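Student: Between the sequences and the hints, there should be enough to build the whole structure, so can you do that?
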Amino acid sequence: MTTGEGELPGLTALLYAATARLDAHFAACAGAVGLTASQANAVHELAEPLGMRELGRRMCCEPPNVTFVVDRLAERDLVERRPHPGDRRAKVIALTPAGAELRERLFAALACDPPLTGLPDADRRALRVLLDRALRTG
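Each residue of the sequence shown is one higher than the one before, starting from 8 at the first, in the working numbering.
In short, the hints are calculated from the structure, not lab data.
Every value quoted in this text rests on a predicted model; they were computed, and no experiment measured them.
Using N, Cα and C, we set each Cβ at its ideal position, and we do this for glycine too.
Warning: the hint list may mix true and false statements.
Claimed, not checked - For each label pair, taking beta carbons as the anchor points, the in silico distance ranges come out as:
{"hint": "1", "residue 1": "R112", "residue 2": "T74", "range": "20 to 28 Å"}
{"hint": "2", "residue 1": "E108", "residue 2": "L22", "range": "33 to 41 Å"}
{"hint": "3", "residue 1": "A97", "residue 2": "R28", "range": "31 to 39 Å"}
{"hint": "4", "residue 1": "E82", "residue 2": "D139", "range": "32 to 40 Å"}
{"hint": "5", "residue 1": "A20", "residue 2": "G125", "range": "12 to 20 Å"}
{"hint": "6", "residue 1": "E111", "residue 2": "L18", "range": "32 to 40 Å"}
{"hint": "7", "residue 1": "A54", "residue 2": "D120", "range": "19 to 27 Å"}
Tutor: In structure tokens form, the structure reads like this:
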């Protein structure tokens, strides 16, 4: 028998509920700093300049959607397209100073009252270890 919902009743439903709660928190924080959830996702991932393909992979987003999001952020002077250091045909996306400041504000908002605040620190650490292990082996 494979490990599945039958052996751990409700685990999938609990993971979906936790994901929904985290997504709602992320969307609310994005809105608080004036971004859509997709724009906030891009800003969140741009700790360093990234190519469009890598940004899309990290955002779990199709290339046309990534282009749309980056275009909207560029219109607001939050990101800029720069030449790729290793491929003169390609571009990388980087945060502007305004984008970096907005990223800091987004992270500050995300840290306020996150969905798992009710868990003691030891439980959150244990959950992190377990989820990391499950995602590495799955």
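Student: Tell me if the beta carbons of A20 and G125 are separated by a distance inside 12 to 20 Å.
Tutor: 19 Å, holds
Student: I want to verify a distance hint. Is the separation of the beta carbons of E82 and D139 within 32 to 40 Å?
Tutor: 37 Å, holds
Student: Is it true that the C-beta distance of E108 to L22 lies inside 33 to 41 Å, as the hint says?
Tutor: 34 Å, holds
Student: Using the C-beta atoms of E111 and L18, is the stated range 32 to 40 Å upheld?
Tutor: Holds: the Cβ-Cβ distance is about 35 Å, inside 32 to 40 Å.
Student: Taking the CB of A97 and the CB of R28, does the distance hold inside 31 to 39 Å?
Tutor: Holds, at about 38 Å.
Student: CB of A54 to CB of D120, is that within 19 to 27 Å?
Tutor: 23 Å, holds
Student: Does the beta carbon distance between R112 and T74 stay inside 20 to 28 Å, or does it fall outside?
Tutor: 25 Å, holds
In terms of the numbered hints stated before, the structure departs from none.
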